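Protein chains in written order, with the numbering used here: chain U, -10 to 102; chain L, 75 to 188.
It should be emphasised that the hints constitute simulated quantities derived from the structure, not laboratory data.
Note that this is a predicted model, so its numbers are computed, not measured.
By construction, the Cβ of each residue, glycine as well, lies at the ideal position given by its N, Cα and C atoms.
Among the clues, some could well be false.
To be verified - Cross-link-like lysine to aspartate or glutamate pairs, in silico, DMTMM-like; alpha carbons within 25 Å at most:
1. K143/L <-> E89/L
2. K123/L <-> E45/U
3. K142/L <-> E90/U
4. K46/U <-> D159/L
5. K180/L <-> D75/U
6. K180/L <-> E72/U
7. K132/L <-> E90/U
8. K60/U <-> E90/U
9. K123/L <-> E33/U
10. K180/L <-> E90/U
11. K142/L <-> E162/L
12. K0/U <-> E162/L
Said to hold, decoys possible - Listed next, with one range per pair, are the computed distances between beta-carbon atoms:
13. K60/U <-> E89/L: 42 to 52 Å
14. Q69/U <-> L130/L: 29 to 39 Å
15. R(-2)/U <-> N173/L: 26 to 36 Å
16. P(-3)/U <-> L81/L: 31 to 41 Å
17. G82/L <-> Q6/U: 35 to 45 Å
18. G5/U <-> A91/L: 48 to 58 Å
19. Q6/U <-> L130/L: 42 to 52 Å
20. F63/U <-> G90/L: 17 to 27 Å
21. K60/U <-> M157/L: 24 to 34 Å
What the hints assert, rightly or not - From chain L, some residues computed to sit far from chain U (all C-beta separations above 10 Å):
22. G82
23. G90
24. L94
25. R96
26. Y99
27. L118
28. F137
29. K143
30. T151
31. P153
32. S154
33. S158
34. A161
35. A166
One letter stands for each residue in the lines below.
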Amino acid sequence: DTGVSQNPRHKITKRGQNVTFRCDPISEHNRLYWYRQTLGQGPEFLTYFQNEAQLEKSRLLSDRFSAERPKGSFSTLEIQRTEQGDSAMYLCASSHSGAAEAFFGQGTRLTVV
Amino acid sequence: AQSVTQLGSHVSVSEGALVLLRCNYSSSVPPYLFWYVQYPNQGLQLLLKYTSAATLVKGINGFEAEFKKSETSFHLTKPSAHMSDAAEYFCAVSSVEGNNRLAFGKGNQVVVIP
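Excised from the complex, chain U in its bound form:
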């Protein structure tokens, strides 16, 4: 296992379109996190899964955003009706519930035009 994998690395979309990102965590990790990072800022927490259960969602996660982790393995993050303000780097991280540290993927950079 080479680490957390995110696809695609880059996505350019027109305003109003839907986009979906995928995250494949480190295989033995049962916790999965999504963060969003805008230019010049630190990452901000969006949502968290333990196995297939979505246990926490940030107020940043509007109703246009939905995340799933159907079998407790990979996760998807969908943004419906994208807006220019959604342009950001979307980062996925995974960890084991017995460990403090999380490991990040390379991120998906979304540009909404």
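Dock chain L against chain U, hints included.
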């Protein structure tokens, strides 16, 4: 709620000089503290972590940080800067009570001057 403050968004350091990045945290429960490094258009790489063991923590690439509870600080240092240290550095705090989700500072962009 947990939070982190990093002052001075851009930090310039001469090659071979000391690197010092300051981080102060706020947490109502015993914290876990981390420093991550990010290169352009890349994800975050863990430099080091504090999880209530030794207060002086050594990480990768010659970096270290010291947890000071009385000062609520976790400053990052490296004795001698290298050109390859040019990157963005983020301090983050989490806790078991918070499901280990991370709260990040705004980051420090480090520029190394030859």
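Could you grab the alpha-carbon distance between K123/L and E33/U and see if it respects the 25 Å cut-off? Given pair K123/L, E33/U holds - Cα atoms ~19 Å apart, limit 25 Å.
Is the nearest Cβ of chain U still more than 10 Å from the Cβ of R96/L? holds (15 Å)
For the pair we were handed, K132/L and E90/U, check the Cα-Cα distance against 25 Å. holds (15 Å)
Hint consistency between K180/L and D75/U [alpha-carbon to alpha-carbon, up to 25 Å]: holds (19 Å)
Quick check for students: does the CB of A166/L sit more than 10 Å from each CB in chain U? violated (8 Å)
For the pair we were handed, K143/L and E89/L, check the Cα-Cα distance against 25 Å. violated (31 Å)
Taking C-beta pairs only, is G90/L more than 10 Å away from all of chain U? Given a closest Cβ separation of 28 Å, the condition holds.
25 Å limit on alpha-carbon distance, applied to hinted pair K180/L and E90/U: holds (19 Å)
Below or equal to 25 Å on CA atoms is what counts here, so check K46/U against D159/L. violated (34 Å)
10 Å cut-off, C-beta based - L118/L kept clear of every residue in chain U: It is violated; L118/L is separated from chain U by about 4 Å at its closest Cβ, not greater than 10 Å.
Going by Cβ atoms, does G82/L stay more than 10 Å from chain U at every point? holds (13 Å)
Please test the hint of 17 to 27 Å on the beta carbon pair from F63/U and G90/L. The hinted range 17 to 27 Å is violated for F63/U and G90/L, with Cβ atoms some 45 Å apart.
Hints 1, 4, 14, 20, 21, 27, 35 from the earlier list are contradicted by this structure; the remaining hints agree with it.
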